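Peer 1: As given, the protein sequences belong to chains A and B, one line each in that order.
Using the working numbering, read the first sequence as starting at 1 and increasing by one per residue.
Using the working numbering, read the second sequence as starting at 1 and increasing by one per residue.
Errors might be hidden in some of the hints.
Some chain A residues judged to face chain B by a derived CB distance under 8 Å, without partners named [unchecked claim]:
{"id": "1", "residue": "Lys446"}
{"id": "2", "residue": "Leu448"}
{"id": "3", "residue": "Thr451"}
{"id": "4", "residue": "Val454"}
{"id": "5", "residue": "Asn455"}
{"id": "6", "residue": "Leu456"}
{"id": "7", "residue": "Asp457"}
{"id": "8", "residue": "Ile458"}
{"id": "9", "residue": "Leu496"}
{"id": "10", "residue": "Thr534"}
{"id": "11", "residue": "Phe538"}
{"id": "12", "residue": "Gly539"}
Facing chain A, from chain B, some residues (calculated, C-beta under 7 Å) [to be verified]:
{"id": "13", "residue": "Leu448"}
{"id": "14", "residue": "Asn455"}
{"id": "15", "residue": "Ile458"}
{"id": "16", "residue": "Thr534"}
{"id": "17", "residue": "Phe538"}
Everything labelled a hint here was simulated from the structure, so no lab data went into it.
Predicted model, so just to flag it, every value in this text is computed and none were measured.
The beta-carbon is built from N, C-alpha and C at its ideal position, and this holds for glycine as well.
Number of protein chains: 2
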Amino acid sequence: METLNLGKEMELKKKFRSLRTLMQKKGLSAYILPNTDPHLSEYKAEHWQIIKWLSGFTGAGGQLVVTQEKVGLWVGGTESLQAEKELQGTPIKIFKKGKHKIPTAVEWLCEQDVTKVGYNSKLFSISTIREMKNKFSEHNKTLESHVLLPLIWKNRPPLPPYPIYLHDVKFTGKSTSEKLGEIREVMHDEQADHYLLTTLDDIAWTFNIRGHDVKCWPVPICYGVISPEKAHLFIKEEKVPNEEKKVLEEVGIEIHPYNSIVTHLKKLGEGESILFDPKKTSKWLFDSIPDQSKTIEKTPAIATKKKAIKNPTEIKNMKKCLIRDGVALLKFFRWLETNVTRGEITELSAAEKLKEFQEEQENFVEPSFPSIVAYKEHAAMMHYVPSSKNNSELKSDGFFLIDSGGQYFDGTTDITRTIPLGNISKKKKREFTLVLKGHIQLALAKFLKGTKGVNLDILARKPIWNAGIDYKCGTGHGVGFFLNVHENPPGINQDLSSDTEFEEQMITTIEPGIYKPGEYGIRIENMFLTVEDTVTDFGEFMRFEPISFCPISIDAIDPKLLTKEEKNWLNNYHERVFEVLSPYLDKSEKKWLKKKTRKI
Amino acid sequence: METLNLGKEMELKKKFRSLRTLMQKKGLSAYILPNTDPHLSEYKAEHWQIIKWLSGFTGAGGQLVVTQEKVGLWVGGTESLQAEKELQGTPIKIFKKGKHKIPTAVEWLCEQDVTKVGYNSKLFSISTIREMKNKFSEHNKTLESHVLLPLIWKNRPPLPPYPIYLHDVKFTGKSTSEKLGEIREVMHDEQADHYLLTTLDDIAWTFNIRGHDVKCWPVPICYGVISPEKAHLFIKEEKVPNEEKKVLEEVGIEIHPYNSIVTHLKKLGEGESILFDPKKTSKWLFDSIPDQSKTIEKTPAIATKKKAIKNPTEIKNMKKCLIRDGVALLKFFRWLETNVTRGEITELSAAEKLKEFQEEQENFVEPSFPSIVAYKEHAAMMHYVPSSKNNSELKSDGFFLIDSGGQYFDGTTDITRTIPLGNISKKKKREFTLVLKGHIQLALAKFLKGTKGVNLDILARKPIWNAGIDYKCGTGHGVGFFLNVHENPPGINQDLSSDTEFEEQMITTIEPGIYKPGEYGIRIENMFLTVEDTVTDFGEFMRFEPISFCPISIDAIDPKLLTKEEKNWLNNYHERVFEVLSPYLDKSEKKWLKKKTRKI
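One chain only, chain A, in its complex shape (with noise of 0.2 Å):
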């Protein structure tokens, strides 16, 4: 493992001495910072990624927390190994999210000798900020908002420039029109007045816009604000060039200064009624409106939920943007398996071919994550993304897991393949079998209109589960369109907060894994659409219709660990790649799909 370098050490030394000197000032004995911007995003602008540049880790998620004498980052399953790995050598503390006994960041604070805790209000929203406050309040601390990180971070880069773009109905499926018709019909019925978009990827699915500004997610930084007659999108002028701006005041929109969303709200009249997010509006927005009792809050807000269930367009669209993420998929992993054994492919060298692939596809704009491609034992982080610190150089031995996704003009992409680089242990089969044995049965589940993703996720994770393995993350989430390739809801989780029932037209992954730090890491993933399945005296019921393509490793599967069901599900969805892929392909790379597709 590598340790911080001199230099390193002092540098964040330095920034921390700073941070706890501002807050010696402000009389904060301790400060919270979550890794967010003002729109509570996942995935964030340079500006914004606060954590990164205080702390050196890297991933998207996290808290970290800072007293006077001590400094805890709080961090999922999904990125534990990984903070492990940044933060060696710093005095920085992990706790590991959700672990048994593992207190969570308020919990831990109310425990220390702390009166007066400090946060940025543009970065949490009203209802965590509610739960924090009364949480400290049992234990007789308090909660403040000051702007501390800012004061201390020279040279921050500036929020980003990028133009925005319009999104063709041809792949939107809806105009801006339509979508803001059917908002407002919604807004009625909730007797709402106004409606208050903060995400960044419901005001772009609203208004059919997208942009630049953050890296993977194909969307501008703003605001939104939707009313009877007119709506208003708050975004920096210069970004919204004329054409684009016509177009949208055609159909009612007003463009405003991005940061004149504050204001808008505060001269909103007396008894209007507002309507947003509590979860995903920061307190700072939500003080900016005058007369609290008429907000109207709900989770998911109106666009959200719009926005989960794709429209016929929108799927007619994704499925063929996937059949040529698969296209890119197929000819990358032919090109390894032929090039591997020659030497010199290295994790680096890999990802950059497949770029190359993915690039070559109509529509392809990014990619929709930074792809994770990942030899042995580096594949047990789950969000690894190589580096020239950490590159390693493939052999014919062992397990190589690439995770990668698209942005496409038609829609969003996300697959997973685990191949095995020659032979592998019996051990390493049965285990790779268990993870496709969790995938084939979440992908068989019929299901009743109603179901939450916490009542489905056991059924992938039950195969692990019984051979006393565990997975330390979710089973699936939902995809965006040419958006959030980690869109919420839905969801597939143990975790209550998976609570939005599956409807018809949703879009999610599944992808149980097996993830043995120091090992290897195993992940099958593909993209489902939820469809009707049957309807009786009980029920309407829905099941997962695949709609990625490419081959599962047939090489790495122990045929007698399978069902018959589960072999004739996988049969089928093989024959079903070739199918949908072979068109595409030449004679040669034909005859390479037929055999990676071959019966078991």
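For chain A, the structure is supplied; the task is to place chain B on it using the hints.
Peer 2: Just chain B, lined up with the frame of chain A:
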């Protein structure tokens, strides 16, 4: 279907007329009535069976809402068929709770032209009232407590007078002092000066007392308060015999009149904190607490949580009592099989015979719920109880379902078997096998510490869902120790409220089913103990150990539908049934059991 006779119809009209007149006098446009008592119990003394008296519905659950024009009864899936039958011909509209698009009672009231809604603050938890108040205030409606029913219920049965008795430590495994000591430790950690116990089984468990006040539930009607030095039992004083009083006083328990709980709470010292479960404490009691800033709300509260983890003595006793219960059932089923072909057996006479066999068993006190003895279509009503009005004669044909349980000094039991009385159709065989598959699939589960009932439920439901069928109830519930047959936590359900993490030494049922209204009902229910399975790098895994023993009808199984693993479970279970029951059987009974537990 029967309809009400004219006399009953008049009586019903008269009762509702009186209630509506009273409502008018108090300025109430609606009145809402839950099916419970001031201890928020499921099973209640006749004194509190208000909904039964008012409407004729005899189920244990439900909520009745009365406006000047309408009456609605909200019932869960287990009781909806029964309600339809019992309320046939009345103007009472039935709402099936939890069904898609069916409003809750509160949602329905919000849409009605009502302004002030009346309720009895003794019969609603503070937590329900808070939710209702919030919801109503959004719709400009108010809530006001009025006791109305006692004013119109002439000849109301008095509160039951039965004396309490002590539950011997040889059964309970822990003395009252030990239990009080453990509870006080938690109180100390929670900084609670007092702990208010409102639920009858928690009080009976803590103080090791039992009673006869409620049919099928051996508890006395009382309240409890535990303080650092003293504990207080609020109970009609004549119910505590001198000897029992002496024993209780020796461990620091003071006896007070039942109704003095209110004055006791009112006299709490300033700044003294009191812990209680807001979901189990009535609004009426909550209002008696002088300093509401010092309340500590916990769901579930201390005794409820401790009671759910059975101690080794309780487990040992429970296992022994379940063997005796199994012997009674076995004798019953053998008698039935021998005699059914002769004719003349009815549901009622079978129920009578079952009771005889149960009463022969050592330590038997009473049934743990009214036995469900249901032939053919009657079994489609999940909580059907035969009566002279609907008694069916058994024939050598179709399914017969028996769901029975006993209260024994050394445990509480609950078990269901569905048996074919003669040949059954291929379709019935298939459905019986699907229910069995569901039962076994959940029984086979290995699950990580932290898994909740809402996560597990689908394992039992999956084979049934795969056939496009569903059962409209939960899959399992906790069972008390010589206490409530439905003891929460834990629970196994699709519902997010099944959120208790399973722990070792909990006891639950597994009871999937298929219910075909007008045709038949199938349910297979056993009781299970949660035990440790294995501890690995990934955590502590648990599994279910069956602790109730009775053959499952092999003749109703289609073995082709069972996997090898499922057959193994069944064969192992049957082997164990023979092993534990045969020492208590005579030669011919043993021979019969051998056949019933043969390998498949």
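Peer 1: Hey, does the A/Ile458 contact hint survive, CB to chain B under 8 Å?
Peer 2: holds (5 Å)
Peer 1: Would the hint on A/Gly539 be counted as holding, given a Cβ-Cβ threshold of 8 Å to chain B?
Peer 2: holds (6 Å)
Peer 1: Just to be careful: measuring from the Cβ of A/Thr534 to every Cβ in chain B, is the smallest value less than 8 Å?
Peer 2: holds (5 Å)
Peer 1: Hint check: is the beta carbon of A/Leu448 less than 8 Å from a beta carbon of chain B?
Peer 2: Status holds, d = 6 Å.
Peer 1: Does the closest beta carbon of chain B sit nearer than 8 Å to the beta carbon of A/Asn455?
Peer 2: Status holds, d = 5 Å.
Peer 1: Double-check B/Asn455 for me: the hint is only fine if its C-beta lies closer than 7 Å to a C-beta in chain A.
Peer 2: With Cβ-Cβ at 5 Å, under 7 Å, it holds.
Peer 1: At a threshold of 7 Å, is the proposed contact between B/Thr534 and chain A supported by beta-carbon distances?
Peer 2: holds (5 Å)
Peer 1: Quick check on the hint: B/Ile458 CB to chain A CB, less than 7 Å?
Peer 2: holds (5 Å)
Peer 1: Holds or violated: the hint that A/Leu496 contacts chain B, with Cβ atoms closer than 8 Å.
Peer 2: holds (6 Å)
Peer 1: Quick check on A/Leu456 please, does its C-beta sit within 8 Å of some C-beta on chain B?
Peer 2: With a minimum Cβ separation of about 6 Å from chain B (threshold 8 Å), the hint on A/Leu456 holds.
Peer 1: Does B/Leu448 pass the interface check with chain A, least Cβ-Cβ distance below 7 Å?
Peer 2: Holds, about 6 Å.
Peer 1: Quick check on A/Val454 please, does its C-beta sit within 8 Å of some C-beta on chain B?
Peer 2: Holds - the Cβ of A/Val454 comes within 8 Å of chain B, reaching about 6 Å at its closest.
In the structure shown, no violation is registered for any of the earlier numbered hints.
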